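> The residues making up each chain are set out below.
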Amino acid sequence: MAKQRWAIPITFVFIIMGILLSLQFQAQNRISSELSMQRTENLIAMVRDLSEKRQKLAAEILDLNSKLRTQMQSDQDERKLFNSLNEELIKVQTVTGKTPLEGPGLNIYIDQTMPILYVDIIHIVNELWAAGAEAISINNFRVTQDTSVFYAENEHSMSITVDNNVLTYPISVKVIGDPNNLEKGLTIPGGIMDNLSLYKAYPVLSKVESLTIPASSNISEFYFLNEYKPPEKPVATTPTTQQS
Amino acid sequence: MTMWLLPILGLIIGVLVGSAVTFQIPLIYVKYMSIAVLASLDSVLGGIRSITESHFDGAVLLTGFFTNALLAALLAYLGDRLGVDLYYAAVFAFGVRLFHNLAAIRHQLLLQYRTKKNEQKR
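As you go down the protein sequences, you meet chains A and B in turn.
Numbering-wise (the numbering used here), the first sequence opens with residue 1 and increments by one.
Numbering-wise (the numbering used here), the second sequence opens with residue 1 and increments by one.
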């Protein structure tokens, strides 16, 4: 009986005690993080510290901004350089045959019945270059600076080759350039067409509004090429050094 | 010892309720709240002491608990209004009483433990 007499009030008091304690704990936790409850000296120190930090950070911002500006500047320059290099590359590729091309020009059609030798093909190509051709392909083999036209023969027949690729008939030579000029270049009296007609070969010329020329499949690599730089002229001081 | 289970359970429940409740004491009153907590802690220890000395009275405990806490808080508040730091007086008074109570409880428990041991020896 003695136990029951005190157990209930004590428990009640303990419950309230627990609530008070936990509330107080929370409040105390809040106080330690609340600025308005800090001491003045601490606050002053904090303000000084923070303003110092702020100044440092502002200086850093300035510094970083100027860095950013220079970086952007150099980035722009680099982009310009890159663009101009890219344009250059495209030009070079156009010339060296690394890209397919498209434009008006002439199509030369050569049938199997025409007695044509590889030399004739070379003559035609030479004549075309002379007449202002800008790009030439023979049966979809692009004619570039290292293209060779030759012949190959086996027991039965002889065939024309371009870069060691055997040409099959009909041979079609596609040229990009001014169609009229090209045609005139081939058909001038005493020209290649006249020459061929002596052998009863009559290639068919047709002007085309737009034709495409494929890219060269050859990969040319250069191992020995170096740009030539003229040697600098000896400086005027060299004779004096020789004298001494 | 099983008779202490209920109060301890009560304490745990109280703490849980207190941490679950979203009510927050305004920071200005935290100071008075702390003195009230100290006073109530002293009352509780006084109650435990009276139990160990077996002259417990529930009414005394309850009235003491609430009036002590309230008066302590009020006194501290009044001190602040008057410009006298009665807060420290309350802290001192309750602190001293708290340690007194603790010492008395310790003495009493030791005494009980020894008498028990002696009875067992016989």
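Treat the hints as calculated values from the structure; they're not laboratory data.
Among the hints, erroneous ones may be present.
Said to hold, decoys possible - Using 25 Å as the maximum straight-line C-alpha spacing, the simulated SDA-like pairs for lysine to any residue come out as follows:
no. : chain 1 : residue 1 : chain 2 : residue 2
1   : B       : K31       : A       : S33
2   : A       : K56       : A       : E41
3   : B       : K31       : A       : S22
Stated by the list, open to error - Incomplete in silico selection of chain B near chain A, CB under 8 Å:
no. : residue
4   : L6
5   : G14
6   : S19
7   : M33
8   : V37
9   : H55
10  : G58
11  : V91
12  : A93
13  : V96
14  : L98
15  : L102
16  : L109
As the list claims (entries may be wrong) - Just so you have them, the derived chain B footprint on chain A, three or more residues with Cβ under 8 Å:
no. : region
17  : 136-149
18  : 186-193
Quantities reported herein were computed from a predicted structural model and do not represent experimental measurements.
All C-beta atoms, glycine included, are put in the ideal place defined by N, C-alpha and C.
> For each hint, tell me whether it holds in the structure or not.
Hints and how they fare:
| no. | hint | result |
| --- | --- | --- |
| 1 | B/K31 x A/S33 | holds, 16 Å |
| 2 | A/K56 x A/E41 | holds, 23 Å |
| 3 | B/K31 x A/S22 | holds, 15 Å |
| 4 | L6 | holds, 5 Å |
| 5 | G14 | holds, 2 Å |
| 6 | S19 | holds, 5 Å |
| 7 | M33 | holds, 6 Å |
| 8 | V37 | holds, 5 Å |
| 9 | H55 | violated, 10 Å |
| 10 | G58 | holds, 4 Å |
| 11 | V91 | violated, 14 Å |
| 12 | A93 | violated, 19 Å |
| 13 | V96 | violated, 20 Å |
| 14 | L98 | violated, 13 Å |
| 15 | L102 | violated, 15 Å |
| 16 | L109 | violated, 16 Å |
| 17 | 136-149 | violated (count 0) |
| 18 | 186-193 | violated (count 0) |
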